[in-house]
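Those protein sequence lines, which keep their order, are chains A and B. Reminder that position 62 of the first sequence reads as 61 in numbering that gives the first Met the number 0, one-by-one numbering, no gaps. Reminder that position 11 of the second sequence reads as 10 in numbering that gives the first Met the number 0, one-by-one numbering, no gaps.
Please note that a few of the clues may not be correct.
[What the hints assert, rightly or not] Which residues of chain A face chain B? A partial, calculated answer using Cβ under 8 Å:
| no. | residue |
| --- | --- |
| 1 | H28 |
| 2 | K42 |
| 3 | G80 |
Keep in mind that the hints were calculated from the coordinates and are not lab data. All C-beta atoms, glycine included, are put in the ideal place defined by N, C-alpha and C.
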Amino acid sequence: MMPLAYAREGSLVRVSAIRAGKGLYRRLHELGIVEGKILRVVKTQGPGPVIIEIVNNASYVYGRVPCPYCPIATGGRLLLGFGVAMKIMVEEVKSP
Amino acid sequence: MTNEDKRARIALAGIPNVGKSLIFNRLTGGRAWVGNWPGVTVEKKVGTLRVNGVEVEVVDLPGIYSLTAYSVDELIARNFIVEEKPDVVVCIVSAINLERGLYLALSLLELGANVIIDLNMVDLAEKEGYRINHKKLESIIGVPVIPTIAPIGRGIDKLKEAIGKAIHEEKVQIRIVDYGRIVEEAISKIEEVVKDLAPELTEKYPARWIALKLLEGDSDIIDKVSKLPVGKEIIDKANQLREILKEKIGDPESYIVERRHERVSEIVKTVVERAAVPRVSMTDLLDSILTHKVVGIPFALSAIYLLFRFAFEVSTPLVDLVDVTINGYLHDLVLEIHSLPEWFTSLLADGIIAGIGAILVFLPVIAFFFLGFAVLEDVGYMARVAFLVDRVFHKFNLPGKAVIPLIIGFGCNVPGVMAARGIEDENERKTTALIAPLASCNARLPVYLVIGGAILGTMAGFAILSLYVLSIILALIVGLLLRRILFKGASTGFIMELPPYMMPRLDNVTIKTWERTKRFLFKAGTVIFLATVIVWLLSVTGPGGYLGPEALEDPHLIRESWVGVLGRSLSSTIFSLMGWDWKAAVALFFGFIAKEIVVSSMAILYGVGEEKLMDVIAESQTFTPLTAYAYMAFVLIYVPCLATLAMIRNELGLKYAILALIYEILLAYIVSLSIIGIGSVLGFS
């Protein structure tokens, strides 16, 4: 487990814990960043702020890219500041 | 519509960056501030739309993600929907950000709004390789779904048609999210109690929504219910149920949000169809360079440098034209009128016309700067710059987004202070607004050029560059201090929607440029104008009475005026350590109006035209290289100009305007004195 700020660019990670105050926790929840969700790390300054995409289906993880049957990331991209990225704990599920 | 006299009213809702402002413009044909920046729509915007020959009022709600009581924007939106009861709420959902858009749409439906969904940017979704079956979406959530491509206006007529139809239709209560047996039971129990005890409340809000919000522990609703005579009973019942739920499913609030997300995911899976294998997108390609760890920052610096070059180069002919016609021709023409009293022509020429000239000379640079900035913003580049600097800004307890007000501040501090509005966290917003005046604006440059050019010779370029660096360093350090001392509290977090790169659009860019320039003109213009007139008055009068307009031409006479007196007392007291003479001190006083005036007032004080000023300063022995550099640093920091102060007062209140004034004076004093101190030790003179 590591903070999202340290995740590798291009990797897929699973959110394992959110160590944030009530306000931020709630905001992340509403944006769809919840425990168990899989995120694609689009850009990072490792360690630093990150740009992520929420991936909705676990099968994406194992699919080859490009994969015509894979689910599609329709969630848009989010920029998470360094501070925020340090509070989201993740596990890598697929290397870049 | 029940009442024919009452104008129908619709509201536009949407998460940030879905093209809401553009849809607003398309519907109303009116002016609006359109942007790629999340949170640009902070003010309430109202326009009118004609549908079937009937005028409909269109209200633009702030960009929001949901309808909780956690943020001001969300409260504004939901209170508007509940209290003003718009006939229709158009929820704009971006096809390339479907999940979060639908989440908001579901929240609006739960609130009982009469919703139409505008599925915007469908063309971009196809580029990403998928299509959204809008008919299917319509049948699942039971409200009209209209696909649009706002930039080219496709679908807008259909949207208008749907609005016209929906205005006359009663909304239907839809139970859009099923929260599972356990929670649903609790919801119905509270619903019953509310309907029983507080029927007046259910006239405003749907009972199911109140029940949900009470289970979620929504502070605003709890507050409203508590105020009722039967409030305690309802709250007690809700709390009791909350406790039971907590044991069974954990925190009800998180559970409810998660259920809503699951529902959204279900819907998305059903309506999204793959159209083609996605190509490598342009956005990814550009981002691999523009947000690159190593190359990104140098690239950003050159982009911003180019922005300034562009503003200066393109505006030069216009600036010269204004200078020649207003400050030259018109000014002299008025002075030639001998049929009027002398004091009056002087007031007109040296006060009023000079005041207008001072603003207009500046206007072209500012306008072109805003134009260039609007293009960068519209393309989506500024969001990337925020990403690039966040790592550094984070160390100073500021969000990456704070870079935007600072960059604008390098153009002009007045809109820079205002741009701090885009920052959500209150502490960070106030801090950013207070450090934006430290950005070395366009008005300071002429001062650096004249003094640096006259005294520092070949080192001038390096000295000026160092001032820009100093300006950034000071802004960050003061920012950190303010966050540590005055605006404590952890950040609520910097999170921002990152839109794909888009071609800049002419109407977006012109509207934004016009809005900002207009604000500069009115806010800054009136202050600069008034101040010029006041300074004129203080220059032509003195302790000895009226001196006459000759004082403005004659350095010996102006010495006896109020500003002369002030300058001499300043140079003999607080500035004595710096070794600046009274003329330099007076020029600083004038510079309070707008910093570039330091140059023109020096020209007056030395009794020469601005074109000869550099030679005169170089010969006059007023400055040594060291005191000149200290003077330049002082000009950078010493006070926000009057217009900036007015803007800080406007945005944060008088208290903070005074704070900005005081801290900048102190900081300027400390920095200049340190420059002189350290410089002398190092052997500079």
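Going through the hints against the structure:
1. H28: Holds, about 5 Å.
2. K42: Holds, because the Cβ-Cβ distance from A/K42 to chain B comes to roughly 5 Å (cut-off 8 Å).
3. G80: 3 Å, holds
Of the numbered hints given earlier, the model fails none.
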